[in-house]
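A.B. asks: What follows is each chain in one-letter form.
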Amino acid sequence: MKKTILVVEDQRNHSLLLKYALEDKGYDDIKTAADIETALKMLQDKKNPPSLVCLDIMLPKSPDDPTIDEEGGFRIAKEIKGVPFIFTSVYERKEEIERGISLGAKAFFVKPFDTEDVAVKTQEIIGK
Amino acid sequence: MGSELLSLVYKWYCKYDHIEDLIKEIKQGIKEEWEAETCLLDISKEGFKPIIQCASYSKDSLHCFERKGLKEDFEKAKGREYCSDILEKKKEERPVYRLICSLCDTNNKTPIAILNLTSRDKESLSSVKDNLQHHIALSLQIHRAIEKWNSLYEITNKLTTQVTNLSSLTNEILKTVASALEAEASSLFLICEEDSNYLELVGEYGYTKNEKGLKILIADGERTGLSAYVAKIREPLSLDSEGIRNHLCWSGGKFPPNHLPSKRCSSWLGIPLINTDKNLLGVIKAENKKDEPGFSKEDMAYLQVLGSHIAICLEMADKYKKEVAGKEKAYHYAISHSLKTPLHSFLEAIRQLKKVYSDIDKKCISQSSDQALKGLRDKYSQIFDIIDEDSYKFARVAKNAIYAAKVERKTYQISPQVLEVKEIENMIERVKRIFRTCLRKENIEIKENIKLSQRDRVYMDKEQIEDVLINLVANSVSAIKDRRPREKEKVASIKILVRNEKGKTYFSISDEGKGIEGDIFTSLPSHPESTGLGLYLTKEIIFAHKGEIFLSEPLEKGICIEFWLPKEEKI
Numbered sequence: 001m002k003k004t005i006l007v008v009e010d011q012r013n014h015s016l017l018l019k020y021a022l023e024d025k026g027y028d029d030i031k032t033a034a035d036i037e038t039a040l041k042m043l044q045d046k047k048n049p050p051s052l053v054c055l056d057i058m059l060p061k062s063p064d065d066p067t068i069d070e071e072g073g074f075r076i077a078k079e080i081k082g083v084p085f086i087f088t089s090v091y092e093r094k095e096e097i098e099r100g101i102s103l104g105a106k107a108f109f110v111k112p113f114d115t116e117d118v119a120v121k122t123q124e125i126i127g128k
Numbered sequence: 001m002g003s004e005l006l007s008l009v010y011k012w013y014c015k016y017d018h019i020e021d022l023i024k025e026i027k028q029g030i031k032e033e034w035e036a037e038t039c040l041l042d043i044s045k046e047g048f049k050p051i052i053q054c055a056s057y058s059k060d061s062l063h064c065f066e067r068k069g070l071k072e073d074f075e076k077a078k079g080r081e082y083c084s085d086i087l088e089k090k091k092e093e094r095p096v097y098r099l100i101c102s103l104c105d106t107n108n109k110t111p112i113a114i115l116n117l118t119s120r121d122k123e124s125l126s127s128v129k130d131n132l133q134h135h136i137a138l139s140l141q142i143h144r145a146i147e148k149w150n151s152l153y154e155i156t157n158k159l160t161t162q163v164t165n166l167s168s169l170t171n172e173i174l175k176t177v178a179s180a181l182e183a184e185a186s187s188l189f190l191i192c193e194e195d196s197n198y199l200e201l202v203g204e205y206g207y208t209k210n211e212k213g214l215k216i217l218i219a220d221g222e223r224t225g226l227s228a229y230v231a232k233i234r235e236p237l238s239l240d241s242e243g244i245r246n247h248l249c250w251s252g253g254k255f256p257p258n259h260l261p262s263k264r265c266s267s268w269l270g271i272p273l274i275n276t277d278k279n280l281l282g283v284i285k286a287e288n289k290k291d292e293p294g295f296s297k298e299d300m301a302y303l304q305v306l307g308s309h310i311a312i313c314l315e316m317a318d319k320y321k322k323e324v325a326g327k328e329k330a331y332h333y334a335i336s337h338s339l340k341t342p343l344h345s346f347l348e349a350i351r352q353l354k355k356v357y358s359d360i361d362k363k364c365i366s367q368s369s370d371q372a373l374k375g376l377r378d379k380y381s382q383i384f385d386i387i388d389e390d391s392y393k394f395a396r397v398a399k400n401a402i403y404a405a406k407v408e409r410k411t412y413q414i415s416p417q418v419l420e421v422k423e424i425e426n427m428i429e430r431v432k433r434i435f436r437t438c439l440r441k442e443n444i445e446i447k448e449n450i451k452l453s454q455r456d457r458v459y460m461d462k463e464q465i466e467d468v469l470i471n472l473v474a475n476s477v478s479a480i481k482d483r484r485p486r487e488k489e490k491v492a493s494i495k496i497l498v499r500n501e502k503g504k505t506y507f508s509i510s511d512e513g514k515g516i517e518g519d520i521f522t523s524l525p526s527h528p529e530s531t532g533l534g535l536y537l538t539k540e541i542i543f544a545h546k547g548e549i550f551l552s553e554p555l556e557k558g559i560c561i562e563f564w565l566p567k568e569e570k571i
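In order, the protein sequence lines correspond to chains D and X.
Per the numbering used here, residue 1 is the first one in the first sequence, and the count goes up by one each step.
Per the numbering used here, residue 1 is the first one in the second sequence, and the count goes up by one each step.
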């Protein structure tokens, strides 16, 4: 079965690099969302649910509202049902990492991270 | 003449803030009015020093007493309250009169100075002998006191300028207290940040040799020493030698030996440092009043006034530190966000671009017979090598700058974790990978030898020790390049050895470079390609791990830098 990965990241450079690193590992259906609203819409699409979600935490609210929600990633995580997800964030404080893990994240990557590491972790979680 | 001098003395009482002005006035007054030789000698612990001299006296005033055959009077005046007879000496046509008297402390009658007056006016000398002697003594005493209290203004000003740096403030406080009280030693204890039931020694000055960070419990019934006692009662305490030994805080109790005042301690003065909200901040104490059996009431009053200011300064320093730490956090976050993150993505982009290029190369270029295309391929590879090498150099400089900012602002921290041997191997592999282009170009090889068993564990901040290795390897590469700028045909090697010894993990990095001179860990290296921060930061990182870094025994060629990291529980 084709595995879809949803990368939620507002920095285009980062999402692109992560996309390529994942593609390099053989995942060829990578979707990206750059804000909370778009990400939630994509998650509600029942036809093609992602196999894994890569979530940044600080995110803009919507394509029209660039205000940064500092806990946007946490909010999205609460809406994810039955899909494994990982956080990728600039947050490096223990409390935030613990909070992320307590929400059910399979991993927490503090930026800047090696995209290769995320791709390897993805393989571990959802297989090739 | 007598009344004129009396009014002059009263003027001294009220007018002058500084002893220099008083001395000037006495000098002028005596010289103008009396037209003769005058000398006022201060009796200090070190001997005698003139505080004023007029007319023909030489610098050596003691000598002048001997020369004039006045030694006997001088000796008498030195030891007790004394006033000589008015001596007459024929000189030229008019006679000259001389008077030698002691100026005594009004409280204990011990001489504090000797006045030696010579005048042609016998009447004025008589007025000194009758009553002015005591006025002059009192005026001198008052002005010495004024001078001392006035110095508080300067001292407090000086302390205030140090609040941006707690450690230099501490040093200044300790030095100031010891010198103002003429004490041999001083110590500052502050309430322990982690546990307010303890006092923590933050600094010492003088002969005492306690370890910084020593903690003393403040509690009833616990015999923990005089400073803890002062903290407990929140009152100043002054003791002489006997008072120290017999103090109730020792009686019957057992106390750790390092909480006892040292055997040398013959007098003790300590006060609690209390802030404006009446909270105890700590205790400051002085030991051994120089040449006195104990500290005076005046010393205690002085220290209390100084103590209030010390408390204010300590609070300011604490507030400053917290504010700065807050700003630093934001600053470092800004740096890591605005510098580190794009840099990382830049390196990532290059890595991926190389991958894409190699795919293109495999699929198209290598199979093509187009010579022009092959030429382009060579160019492309060379340009990539440059980007590869320089981007890592750039990354290293940026990272060092971030470390340096943290170290300088004392907000640098490590996050150590337990690592398995495999991770150490991976770390060294990564270091080799970073330098691969440069190593190939310079014909240098890195040989590692990890003498650890699979069961061994190393406790370290992985990222930072990796940076240490990168910095050290970068230095070795530079040293080798410097030694043989043109002869690259022979392989030069950099050896990385990791071993365990007595519970410590040793890393040594040796090269066949041109060697290094001077204190390489404190001075900034002079290599043109160096950021000048590498070894300095390397040292800070190792120190933060509570390890050590040093230059090992000189090699035949090149150098070997070694560092060790302690076991987990020691950090």
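None of these hints come from the bench; they were simulated from the model.
Glycine included, C-beta positions come from ideal geometry on N, C-alpha and C.
Among the hints, erroneous ones may be present.
Stated by the list, open to error - Cβ-Cβ distance ranges computed for the label pairs, FRET-style:
no., chain 1, residue 1, chain 2, residue 2, range
1, X, 373, D, 70, 47 to 53 Å
2, D, 45, X, 193, 52 to 58 Å
3, X, 418, D, 114, 32 to 38 Å
4, D, 47, X, 350, 44 to 50 Å
5, D, 45, X, 451, 27 to 33 Å
What the hints assert, rightly or not - Once the Cα atoms are required to be at most 25 Å apart in a straight line, the calculated SDA-like pairs of lysine to any residue come out as:
no., chain 1, residue 1, chain 2, residue 2
6, X, 462, X, 297
7, D, 25, D, 37
8, D, 25, D, 113
9, D, 94, X, 87
10, D, 31, D, 71
11, D, 111, X, 417
12, X, 327, X, 175
13, X, 322, D, 30
14, D, 128, D, 61
15, X, 290, X, 242
16, D, 25, X, 214
17, D, 31, X, 462
18, X, 175, X, 214
19, X, 362, D, 113
20, X, 297, X, 340
21, D, 94, X, 351
22, X, 362, D, 28
23, X, 327, D, 25
24, D, 111, X, 327
25, X, 340, D, 89
26, X, 422, D, 13
27, D, 128, D, 116
28, X, 355, D, 13
Said to hold, decoys possible - Just a sample of chain X residues kept apart from chain D, beta carbon distances all over 12 Å, derived:
no., residue
29, 80
30, 108
31, 342
32, 347
33, 355
34, 359
35, 372
36, 412
A.B. asks: Would you mind marking each hint as holding or not holding in the structure?
C.D. replies: Evaluation of the provided hints:
| no. | hint | result |
| --- | --- | --- |
| 1 | 373/X x 70/D: 47 to 53 Å | holds (51 Å) |
| 2 | 45/D x 193/X: 52 to 58 Å | holds (53 Å) |
| 3 | 418/X x 114/D: 32 to 38 Å | violated (22 Å) |
| 4 | 47/D x 350/X: 44 to 50 Å | violated (38 Å) |
| 5 | 45/D x 451/X: 27 to 33 Å | violated (56 Å) |
| 6 | 462/X x 297/X | violated (58 Å) |
| 7 | 25/D x 37/D | violated (28 Å) |
| 8 | 25/D x 113/D | holds (17 Å) |
| 9 | 94/D x 87/X | violated (88 Å) |
| 10 | 31/D x 71/D | holds (21 Å) |
| 11 | 111/D x 417/X | holds (19 Å) |
| 12 | 327/X x 175/X | violated (31 Å) |
| 13 | 322/X x 30/D | violated (45 Å) |
| 14 | 128/D x 61/D | violated (32 Å) |
| 15 | 290/X x 242/X | holds (17 Å) |
| 16 | 25/D x 214/X | violated (56 Å) |
| 17 | 31/D x 462/X | violated (33 Å) |
| 18 | 175/X x 214/X | holds (20 Å) |
| 19 | 362/X x 113/D | violated (29 Å) |
| 20 | 297/X x 340/X | violated (60 Å) |
| 21 | 94/D x 351/X | violated (30 Å) |
| 22 | 362/X x 28/D | holds (21 Å) |
| 23 | 327/X x 25/D | violated (42 Å) |
| 24 | 111/D x 327/X | holds (21 Å) |
| 25 | 340/X x 89/D | holds (14 Å) |
| 26 | 422/X x 13/D | violated (32 Å) |
| 27 | 128/D x 116/D | holds (14 Å) |
| 28 | 355/X x 13/D | holds (17 Å) |
| 29 | 80 | holds (73 Å) |
| 30 | 108 | holds (64 Å) |
| 31 | 342 | violated (8 Å) |
| 32 | 347 | violated (9 Å) |
| 33 | 355 | violated (7 Å) |
| 34 | 359 | violated (10 Å) |
| 35 | 372 | holds (29 Å) |
| 36 | 412 | holds (15 Å) |
Going down the numbered hints, you'll see the structure goes against 3, 4, 5, 6, 7, 9, 12, 13, 14, 16, 17, 19, 20, 21, 23, 26, 31, 32, 33 and 34, while the others check out.
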